[in-house]
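With chain A held as given, fit chain B onto it using these hints.
Just so you know, the protein sequences line up as chains A and B, in that order.
Each residue of the first sequence is one higher than the one before, counting from 1 in our numbering.
Each residue of the second sequence is one higher than the one before, counting from 1 in our numbering.
In case anyone wonders, no lab produced these hints; they're calculated from the structure.
Worth double-checking, as some hints may not be accurate.
Each pair may be met inside one copy or between any two copies, as identical chains are not told apart.
Pairs of lysine-lysine residues, derived as BS3-like cross-links and limited to a Cα-Cα distance of at most 27 Å, are as follows [stated by the list, open to error]:
{"#": "1", "residue 1": "K361", "residue 2": "K87"}
{"#": "2", "residue 1": "K341", "residue 2": "K383"}
{"#": "3", "residue 1": "K292", "residue 2": "K106"}
{"#": "4", "residue 1": "K87", "residue 2": "K133"}
{"#": "5", "residue 1": "K299", "residue 2": "K133"}
{"#": "6", "residue 1": "K341", "residue 2": "K59"}
{"#": "7", "residue 1": "K361", "residue 2": "K128"}
{"#": "8", "residue 1": "K352", "residue 2": "K86"}
{"#": "9", "residue 1": "K86", "residue 2": "K212"}
{"#": "10", "residue 1": "K339", "residue 2": "K86"}
{"#": "11", "residue 1": "K383", "residue 2": "K28"}
{"#": "12", "residue 1": "K369", "residue 2": "K395"}
{"#": "13", "residue 1": "K260", "residue 2": "K352"}
{"#": "14", "residue 1": "K341", "residue 2": "K87"}
{"#": "15", "residue 1": "K28", "residue 2": "K394"}
{"#": "16", "residue 1": "K69", "residue 2": "K106"}
{"#": "17", "residue 1": "K368", "residue 2": "K395"}
{"#": "18", "residue 1": "K87", "residue 2": "K275"}
In this text, all values refer to a predicted model and were calculated from it rather than measured experimentally.
There are 2 protein chains.
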Amino acid sequence: MIETIPGNIIAPKGFKTGSVHCGLKRNKRNHDIGIIFSEQPCKTAALFTTNQIVAAPIKQSRNVVKNGKAHAIVVNSGNANACTGKKGERDAETMALLTAEHLNIKPDEVLVASTGIIGHHLPMEKIKSGISKSSQRLGNQSTHAINIAKAIMTTDLVPKHIAVKTKINGKEVTIGAIAKGSGMISPDMATMFCFITTDAAISLNTLRSCIKRSTENSFNQITVDGHMSTSDMVAILANGMAHNRTITSSTKNDLTLFQKALDYITLNMAKEIVKDGEGATKFVQIEIHEAKSISDAKKIARTISESPLVKTAINGEDPNWGRIVSAAGYAGVTLDESKLKLSINNVTIYRKGLPVTPTPKRLCSVMKKDEITIQLYLGTGDKSATLWTCDLSKKYVSINADYHT
Amino acid sequence: MIETIPGNIIAPKGFKTGSVHCGLKRNKRNHDIGIIFSEQPCKTAALFTTNQIVAAPIKQSRNVVKNGKAHAIVVNSGNANACTGKKGERDAETMALLTAEHLNIKPDEVLVASTGIIGHHLPMEKIKSGISKSSQRLGNQSTHAINIAKAIMTTDLVPKHIAVKTKINGKEVTIGAIAKGSGMISPDMATMFCFITTDAAISLNTLRSCIKRSTENSFNQITVDGHMSTSDMVAILANGMAHNRTITSSTKNDLTLFQKALDYITLNMAKEIVKDGEGATKFVQIEIHEAKSISDAKKIARTISESPLVKTAINGEDPNWGRIVSAAGYAGVTLDESKLKLSINNVTIYRKGLPVTPTPKRLCSVMKKDEITIQLYLGTGDKSATLWTCDLSKKYVSINADYHT
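This is chain A alone, in the form it adopts within the complex:
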């Protein structure tokens, strides 16, 4: 039983958060820096961008995650601290140091994350004041929860947050999360973050494998525009304050329950990011079935999802299925055309390599729905993969062409 509850990352026992406007965003009502703090030290695991060009805070956070111990996260929006060289790295270290000083914890247990424009040095005076004020405002009221969810937003239109509770071996365990992202990544004003807190007692190795597994089928299976950020980060902090029997690979049942709750959280956050995709008017689920391998299925789903022709057809509510089939054809996976079947929202339009004639009448009406499911059956195996994306609209071009650095 997974029950959603309010309070996002401060719903689990022992977590507090504080945030303020320090001057990185223009509008003074918008918070742009914040701290997430756990009363007890936490085990931590995280996944970072695989981009070769890595923002400075990611370098700092990687070292923390290597040790597996964290006590706090400090995060700012409005400036990504990326492509900023050695000075950028020192600035990220300073953020950790200042946060540690104020909270009386170790600097190598502070995760740092920054999102916003690339290629500008952080205004450190503003950052210093922001960290100081955020640490003074730590709390676990509902306003704290909503403020931190908003403080990490850039081009996001809505805050993205969730918390769930579940029972593991008789104990109530809570997991909460906040996330941001609107372009899959837009290096000037958007990257993808998800910070997850839990009071579960869990071994470090198990925490690492749980977050990896969960990310593979959620955040790694979404795309808005196919542009990977220098700053992507999914991190989980587990402080053990639920006092459940420690979850390890040996407590199979506990592990399954925890993984299920975590998957629920990450999939929810991933879908929220796609729904808030820049300029998005449609939420699109791409299912590839009957593939030889999951990797084949993922490749095809990814290729379809990144075709601007598929994305504009969906934007135009046009059942132009030839674009979908031809995109599948250049995914680098061997296909047998005569075995293919394609349905959109369960209306089949292409079967055994031939168009279904006459064209089903329901096809035009299903394209008008807000949620479109593309179902491609390869007929060559029994593996599946699902990916979530959105359409490509004129508004996406506006957001990214009319914005000036």
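Okay, now just chain B, sitting in the frame of chain A:
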């Protein structure tokens, strides 16, 4: 000395063409089917789409090219004859048969090409009448040349054609070409074709290697929207009527001269396709220098060219260089951030992993130019690659979202 001359594919000796409106396009003034014919049988070499979903005419043409002998090309626009199963294959064969009958040549020496919407059977009565009329209208006047260039257009705004003459071992040799393409591929109303004719005498093996080499650095180095067609085709016909000494791998000097003229033709046609890219307002050249390998350089150029964030920034004349550097970072090539240098139209904005400060004033004015050259230096080797693309505009979305099948 390469001299451009009028007459496109009928500029070389012995080639004729004829085209008509047979009813595939709505506007009766637009030709939609045509034949390219050589008085003498030709050696032929061609490259086809690597899409797993292959249009029926490509299957037919592949067999012709295997034998290396062709006498004519029959081509229609308005219907791609793709995703049409066995009936589609029979229809493509019928096109070759009918053309061969009218011209008194062998059907297995007729290349067939179709471009247009996917998933609809060809209206064979219209096609039959179109082939019959085209064969009656064969000629080598300038109107024939312009008509065939227009007959293969779909969403193209301008016809694309060229002819050049050069001297090889004392003999005048002529090469001509027509091309189409506006989306790199748009499976409803666009694919990329280039048909090249020459009167050069050349061995089949040499012809094959020449066209392959030439395509690698021209058509394979352009992209409008990254969506690969089911129908792409570049084919060359060489009838030997220039009576030059036969070009082979042993006649190095002749080969170099021919390759140079052919490269000139294919690069010109490739660039024309990009300039006529759907919704394009800018012509963009992406140069990657100092790479470890050409393949690394090509990968990075491709990744930058396919980023909608880079393409929209160029559309908005925004010098948002962080998008270019971060795209390079996820190309799958190892980079050393501290060695990178980025210039736009020779204005350097990022050097040794750091932004150039203050930002060069000329940067904003160079972004307003119609032709943008992105120059990324990796500092890890001495290999280079160049790729050509265009921006992503609201008009691209309109063309592909507002069009209804």
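Output the indices of the hints that this structure fails to meet, ascending.
3, 5, 7, 9, 11, 13, 15 and 18
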